[in-house]
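Q: The task is simple: from the sequences and hints, build the whole structure.
Protein chains: 2
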Amino acid sequence: MPSQGHTVELGRDVPLKLDCGVKLGAFTVAYQTYGRLNEQKSNAVLVCHALSGDQYVASTHPLTGKPGWWHILVGPGRPLDPERFFIICANVLGGCMGTTGPASINPETGKPYGLTFPVITIADMVRAQAMLLDHLGVPDLFCVIGGSMGGMQTLQWAAMYPERVYTAIPIACAARHSAQNIAFHEVGRQAIMADPEWRAGEYSLHNTTPRAGLAVARMAAHITYLSEAALRRKFGRKLQNRSAFTYGFDADFEVESYLRHQGITFVERFDANSYLYITRAMDYFDMSADHGALANVFANTKVRFCLVSFTSDWLFTTWEMREIVHALNAAAADVSFVEIETDKGHDAFLLDEPELHATLSGFLNAAAERRGVAPAASP
Amino acid sequence: MPSQGHTVELGRDVPLKLDCGVKLGAFTVAYQTYGRLNEQKSNAVLVCHALSGDQYVASTHPLTGKPGWWHILVGPGRPLDPERFFIICANVLGGCMGTTGPASINPETGKPYGLTFPVITIADMVRAQAMLLDHLGVPDLFCVIGGSMGGMQTLQWAAMYPERVYTAIPIACAARHSAQNIAFHEVGRQAIMADPEWRAGEYSLHNTTPRAGLAVARMAAHITYLSEAALRRKFGRKLQNRSAFTYGFDADFEVESYLRHQGITFVERFDANSYLYITRAMDYFDMSADHGALANVFANTKVRFCLVSFTSDWLFTTWEMREIVHALNAAAADVSFVEIETDKGHDAFLLDEPELHATLSGFLNAAAERRGVAPAASP
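Order-wise, the sequence lines are chains A and B. With our numbering applied, the first sequence has no gaps in its numbers, which climb one by one up to 450 at the end. With our numbering applied, the second sequence has no gaps in its numbers, which climb one by one up to 450 at the end.
Treat the hints with care, since some could be wrong.
It does not matter which identical chain is used: a pair holds within one copy or between any two.
[Stated by the list, open to error] Heads up, simulated DSS-like pairs for lysine-lysine below, C-alpha to C-alpha not over 30 Å straight-line:
| id | residue 1 | residue 2 |
| --- | --- | --- |
| 1 | K182 | K373 |
| 2 | K305 | K373 |
| 3 | K309 | K88 |
| 4 | K94 | K309 |
| 5 | K309 | K137 |
| 6 | K94 | K182 |
Hints listed in this document are in silico derivations from the structure and should not be mistaken for laboratory results. All values reported here derive from a predicted model rather than from experimental measurement.
A: This is how it looks when you write it as C-alpha cells:
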C-alpha cells in the first residue's frame with residue numbers, strides 16, 4: 072500500500088520531560104502515514120503498536136519483508152481506510168526502528184546510549200506522539216487505537232489528552248500491568264542480561280549482540296501470546312519431520328521447532344536493550360496509581376470508547392478489560408465493550424478475526440458519521 | 072523425623088532396559104525410608120517426587136536445610152504415618168541427589184556422563200523404582216502417590232505393574248504432557264543450553280556451571296507453578312523495599328525479587344543437565360501413545376484410584392485430570408476424584424491444603440482397613 076516513511080527530530084527547542092525526571096532534547100521519531108489529513112483536520116487516526124511492533128502497520132517490513140502487522144485492518148476497504156482517514160503510526164520512544172531508543176547515538180557522547188538511556192514510561196511514549204502530532208499540524212485525533220501495549224497507549228492518550236481524542240479503541244490490554252505479566256517480563260530481561268554478549272548493555276560497542284538471551288526472552292513471551300487451546304489445536308504433541316522420538320534434545324516436537332523459530336527470527340529485527348526498556352515501560356503502567364481510583368482518571372471524559380477483549384487471552388484478560396469498562400461506566404463515559412469468542416489467545420488482535428473487523432467498522436463508521444468525516448469513495 | 076538415607080547399586084546382574092534402547096547396568100538409586108515393612112508386607116507406600124523434588128520427602132534437605140518437601144503429609148499423625156506405613160521415596164533416575172543421572176560418573180569412561188547419559192522416560196524411572204522394591208523385598212505397594220511428575224509416575228506404576236499396586240493417588244498431573252507445557256520446558260532448556268557455561272553439557276569438566284541459564288529456566292517454570300490470582304494476592308504491584316520506581320532494571324517489584332530468589336536458590340541444589348533430562352522425560356510422557364486409547368491402558372485394572380486436582384492449576388488442569396477419570400470410568404475402574412477449590416495454582420499440592428489432607432486421610436484409611444493394615448497406635 073502507498074505510504075510515506077518519515078523521520079522527524081523533535082524536542083530540540085522544548086525538550087520532552089520524562090516521568091523519570093530526565094529532559095530529553097533532540098530525539099528522533101520514525102513514523103509512517105497513510106492517506107491525507109482532510110481540510111477540517113478531523114480524520115486523523117493514530118495507531119499505537121505493541122511491544123514488538125513498529126511503525127510498519129500496513130507497509131512491508133524493511134527487515135523481514137513481511138506485510139505490515141495490521142494490514143488486515145489498515146488499507147483500502149478495511150476498517151481503517153486511507154481513502155477516508157489520515158493514519159499515523161510511529162515507532163515508540165525507546166524502540167529500535169528509527170525512533171530514539173537505547174541503540175541510538177547519544178548526541179552528547181557520540182556513543183550509543185545503552186543503559187544510559189533514561190527509562191521511559193507509556194506516558195512518555197504518548198507525550199512523544201503528541202509532539203509528533205504538533206509537528207504534523209494535527210490538532211486532535213478522530214481515533215487512537217491499539218492492542219496490547221498499543222492499548223495501554225490508547226488509554227493513556229484518553230487520560231492525558233482527552234481534548235485531543237474523539238474516539239479511543241483499546242484492545243486486549245489493561246489499566247495496570249499484572250504481577251504475572253511483570254514476572255514474565257522479568258524472565259525475559261534476566262535471559263537477556265544473563266547472556267555474556269549483553270556486556271552490561273554495551274554490546275554494540277563490542278560488535279556483538281545477546282542473540283541467545285533475546286531469543287529465550289521472545290520464546291517465553293511468545294507462549295503468553297497464544298492460548299493452551301490454540302497450542303493444542305495447532306501443534307498438540309505432533310512430532311517435527313520425524314515419526315519417533317530421537318531421545319535427545321533436538322526439537323522433536325513441532326511446538327519446540329516453532330518456538331525456536333520465533334526466537335531466532337525475532338533477534339534479526341529487534342534490539343535487546345529496547346526489549347528491556349519497553350517491557351519496563353509496560354511493567355510501570357498503572358493508571359490508577361497516578362490518578363487514584365480508575366474512574367477518576369476518566370471523570371467527565373467526552374472521549375467515546377470502544378473496548379475489545381478476547382475470551383482466550385490470558386495475558387490481558389477480559390476480566391481486566393471489564394475493570395476498565397466499569398471505571399468508564401462509573402465516570403458516565405460513552406463506552407462500548409465487545410468480548411470476542413476465540414481460542415487464539417492474545418495474538419487474536421493481530422489475526423483475521425471477522426468479529427474484530429466488524430466491531431471496528433461499525434464503531435468507526437458511526438463515529439465518523441457523527442463527526443462528519445466523509446466516507447471513502449465507493450470503488 | 073527419624074529416617075534412613077540409603078543408596079543401592081542396581082542393574083549389575085540384570086541391566087535396566089531403557090525405552091531409548093540403551094541397557095543401563097550398575098546404576099545407583101538414593102532413597103529415604105520411614106517406618107517399617109510389616110510382617111504381611113502389606114503396608115509399603117512409594118512416594119514419587121516432582122521435577123525439582125528429591126528423596127527428602129519428610130527429612131531435612133541436606134543442601135538447603137529446609138524441611139522435607141511433603142512433611143505436611145508424611146509424618147507422625149499425618150495421612151502417611153510411618154507408624155502405620157513403610158514409606159519409600161527415591162530420587163528419580165536422571166536426578167541429581169544421589170541416583171544415577173547425567174552428573175554421575177560413567178563407569179566405562181571414568182568421566183561424568185553429561186549428554187552421553189541416555190535420555191530416560193517416566194516409565195524408565197518407574198522401572199528403576201520397581202528394581203528398588205525388589206531389592207527391598209517389597210512385593211507390592213499398598214499405595215503409590217505423587218503430584219505433578221510424581222503423579223505421572225503414579226499413573227505409570229498403575230499401568231505397568233497393576234499387580235503390584237493396591238491404591239494409586241495421582242495428584243495434579245496428566246496422562247500426556249501438553250503442547251503448552253512442552254513449550255515452557257523448551258524455554259527452560261534453551262535458557263540452559265544458551266548459557267556459555269553449559270559447555271555442551273560438559274561444564275563439570277571445566278569446573279563451572281550454567282548458573283544464569285538454570286536460574287532463568289527455574290524462573291520461567293516457577294510462574295507456571297503459581298496462579299495469576301495467587302500472584303496478585305501475594306505480590307500484586309507491591310514494590311520491594313522502596314516507595315517509588317527506581318527507573319532502572321533492579322527488582323523494583325516484589326514479584327521480581329521473589330522470582331530472582333527462586334532462580335538463585337535453585338542453582339544451589341539442582342544440576343542443569345538433570346533439568347534437561349527430567350523435563351524431557353515429562354515431555355515424552357503420553358500414556359495413550361503407547362497403549363492406544365487411555366481406557367485401554369487401565370482395562371480390567373484392580374487398582375483403586377484417587378485423583379486430586381486444583382481449580383487454579385493451569386499447568387495440569389482439572390480438565391486433564393478429568394480425562395483420566397473418564398478413561399478409568401470407561402475401564403470400570405474403582406476411582407474417586409476430588410477437585411479442590413484453591414487459588415494457589417499447581418503448587419497447591421505441596422502446600423498445607425486442609426482439603427487435600429482430609430481427602431488423603433479418608434481414602435488411605437478406608438483402603439488400609441480394607442487391606443487389614445493396622446492403624447497407627449494412638450499417641
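Q: If you test the structure against every hint from before, which numbers come out violated?
A: Of the numbered hints, 1 and 2 do not hold.
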